[in-house]
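Chemist: Protein chains in written order, with the numbering used here: chain W, 103 to 419; chain C, 103 to 419.
It is worth saying that the hints were derived from the structure and are not from the lab. Watch out, some of these pointers could steer you wrong.
Repeated chains share a single entry, so a pair holds when one copy, or any two copies, can fit it.
Stated by the list, open to error - Derived DMTMM-like pairs (lysine to aspartate or glutamate); straight-line CA-CA distance at most 25 Å:
id	residue 1	residue 2
1	Lys282	Glu383
2	Lys104	Glu303
3	Lys254	Glu181
There are 2 protein chains.
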Amino acid sequence: MKPYKIGIDLGGTNIKAGVVDADNHILVKLSCPTGAQRPWKEVADDIVRLALQALEQAGVSREDCAGVGMGCPGTVNAETGEVIYSNNFANWEYVPLGSYLTESLGMPVKMSNDANCAALGECAAGAAQGSASAVLLTLGTGVGGGVVWDGKVFEGGPGGMELGHTQLIHGGELCTCGRKGCIEAYCSANALIRQAQRAAEADPASLMNQLCGGDLSNMNGKIPFDAAQAGDKTAQAVIDQYLVWLGEAITDMVNIFRPQVVLISGGVCAQGEVLTKPLTEYVQENAFAGRRIPTPPVRIASLGSDAGLIGAACLVS
Amino acid sequence: MKPYKIGIDLGGTNIKAGVVDADNHILVKLSCPTGAQRPWKEVADDIVRLALQALEQAGVSREDCAGVGMGCPGTVNAETGEVIYSNNFANWEYVPLGSYLTESLGMPVKMSNDANCAALGECAAGAAQGSASAVLLTLGTGVGGGVVWDGKVFEGGPGGMELGHTQLIHGGELCTCGRKGCIEAYCSANALIRQAQRAAEADPASLMNQLCGGDLSNMNGKIPFDAAQAGDKTAQAVIDQYLVWLGEAITDMVNIFRPQVVLISGGVCAQGEVLTKPLTEYVQENAFAGRRIPTPPVRIASLGSDAGLIGAACLVS
Numbered sequence: 103m104k105p106y107k108i109g110i111d112l113g114g115t116n117i118k119a120g121v122v123d124a125d126n127h128i129l130v131k132l133s134c135p136t137g138a139q140r141p142w143k144e145v146a147d148d149i150v151r152l153a154l155q156a157l158e159q160a161g162v163s164r165e166d167c168a169g170v171g172m173g174c175p176g177t178v179n180a181e182t183g184e185v186i187y188s189n190n191f192a193n194w195e196y197v198p199l200g201s202y203l204t205e206s207l208g209m210p211v212k213m214s215n216d217a218n219c220a221a222l223g224e225c226a227a228g229a230a231q232g233s234a235s236a237v238l239l240t241l242g243t244g245v246g247g248g249v250v251w252d253g254k255v256f257e258g259g260p261g262g263m264e265l266g267h268t269q270l271i272h273g274g275e276l277c278t279c280g281r282k283g284c285i286e287a288y289c290s291a292n293a294l295i296r297q298a299q300r301a302a303e304a305d306p307a308s309l310m311n312q313l314c315g316g317d318l319s320n321m322n323g324k325i326p327f328d329a330a331q332a333g334d335k336t337a338q339a340v341i342d343q344y345l346v347w348l349g350e351a352i353t354d355m356v357n358i359f360r361p362q363v364v365l366i367s368g369g370v371c372a373q374g375e376v377l378t379k380p381l382t383e384y385v386q387e388n389a390f391a392g393r394r395i396p397t398p399p400v401r402i403a404s405l406g407s408d409a410g411l412i413g414a415a416c417l418v419s
Numbered sequence: 103m104k105p106y107k108i109g110i111d112l113g114g115t116n117i118k119a120g121v122v123d124a125d126n127h128i129l130v131k132l133s134c135p136t137g138a139q140r141p142w143k144e145v146a147d148d149i150v151r152l153a154l155q156a157l158e159q160a161g162v163s164r165e166d167c168a169g170v171g172m173g174c175p176g177t178v179n180a181e182t183g184e185v186i187y188s189n190n191f192a193n194w195e196y197v198p199l200g201s202y203l204t205e206s207l208g209m210p211v212k213m214s215n216d217a218n219c220a221a222l223g224e225c226a227a228g229a230a231q232g233s234a235s236a237v238l239l240t241l242g243t244g245v246g247g248g249v250v251w252d253g254k255v256f257e258g259g260p261g262g263m264e265l266g267h268t269q270l271i272h273g274g275e276l277c278t279c280g281r282k283g284c285i286e287a288y289c290s291a292n293a294l295i296r297q298a299q300r301a302a303e304a305d306p307a308s309l310m311n312q313l314c315g316g317d318l319s320n321m322n323g324k325i326p327f328d329a330a331q332a333g334d335k336t337a338q339a340v341i342d343q344y345l346v347w348l349g350e351a352i353t354d355m356v357n358i359f360r361p362q363v364v365l366i367s368g369g370v371c372a373q374g375e376v377l378t379k380p381l382t383e384y385v386q387e388n389a390f391a392g393r394r395i396p397t398p399p400v401r402i403a404s405l406g407s408d409a410g411l412i413g414a415a416c417l418v419s
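Produce the entire structure from the sequences given, and follow the hints as far as they go.
Modeler: Now the structure itself:
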């Protein structure tokens, strides 16, 4: 068996390429700007260049490299290697990226959605290590979802696994997908920021205003937690409500998949146990059949931005 | 390969056992009352008796029978054959039904949730025949869910696949599971009946009152459709709202799984195209990425009560 793999994390801002060994350690990691507005072949050629450069710097021969795995934002057809649709790239629809890279690199290329790759990476070497199943929710600009089952990515059909685009409050806040009331519209980092802005605006005495320097456009996902810890009741109410919404979203995922672990990732997760403890309890209380059936713990993803790269490499079998 | 299988559909009211051939035809089907209040071993012994009787009546020898598959309501551990919890049976918690039946019958016994079996049966011989993936929602007293992926039941972990127990309107109607606002609380046949009763009560002129003989406890899932077809606007509003709620629920399932087909079953599905046409369109309009990615059709399950029995037999490989 060939001992090394190349992992690619294709993002809207940067392309990262790394060489990963059989123990899921990254030997070399390189990065370059994506230039997401360019024609897709230019982006693809940069991926090829970066991958080969990483291989060379790691001192790994092509013969010792089992293949290339790549995580990509948006909707990916894992079977055909097509990027069906991604709003991170200009005019990418049904782009045959996988087959182009396979030909250019002369190596097998496997692809999946970036959140799927992150979930797989966390199972291989992160906060879900040793678990055969995990659901990951990425709390960022939006809410992404990745599912690992029996140690592999559960892809669903093309366009599936959009876990953030399921209803939390039918008819509620407008979501980026065009529907109203999706989990993403309540549980993303952006949603938390919006919730904190509204609360701070309604309560001029809230410490959150001060922490924003009087300008609510400076609000970020950390400020409500900082203000709550300093005793600000308005901020605490924002956090409490956010935890209920996120708790409901995670309970949904537990009722659907009942994985061994639920992971959350994103900047807001720097809060650690302030999130995981109440969320784990919320799931225990609210999941189907209550305490009769064990519920999974909620944990913070631990690999940060390396999760996607390691997980992408794990796509190569 | 042994050409015949036994399928068991264990329900809260009746036990059904059948012998199924390699073409998924039922050769013989027998049934007896479940007696769900009895100790589980008495129920199990009746299953054994019924299975062997079906085999005998079909003229099939044990040597020609590959094994037994059984669908069971509630939470089933498909790996261990335990019924973890089922509110259809008195005091059934972690009942080792699978191993007991395996020993008593001297044949391999596979188990799954009854909605999973129904989905598998519909893929093998019903409305999803030829599809490698399908999501089935059963609209009855509650909302059950079954998922077939790559031609097999996707089990999730024990306690998972409770698709009806995911949020539609956080904080909304109380659900049988103890949470508020689940899909089941809006989309079950019982929920439709409740919605129709409320609307009829609020509008004494509505035809629905007359069709209930003046007693709203006579409301059923057919009356609002009948009244709407006769031009009753209040009934039409009930149907329109029900279709939106069910459309949202199905859109969630499409965004999660993106199966090849979505099936619905239950008494209310006698309405046929009155449901499937608007629901298919609703999903096309509202699923993630809209019309950029194909969405599955919504169809009515076609095997009726035989789906569970045929699907159970299909659990045996």
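Chemist: All the hints need checking, so say for each whether the structure fits it.
Modeler: Cross-check of the supplied hints:
{"no.": "1", "hint": "Lys282 / Glu383", "in the structure": "between (28 Å within a copy, 17 Å between copies)"}
{"no.": "2", "hint": "Lys104 / Glu303", "in the structure": "neither (58 Å within a copy, 72 Å between copies)"}
{"no.": "3", "hint": "Lys254 / Glu181", "in the structure": "both (14 Å within a copy, 18 Å between copies)"}
Taken one by one, the earlier hints fail for this structure only at number 2.
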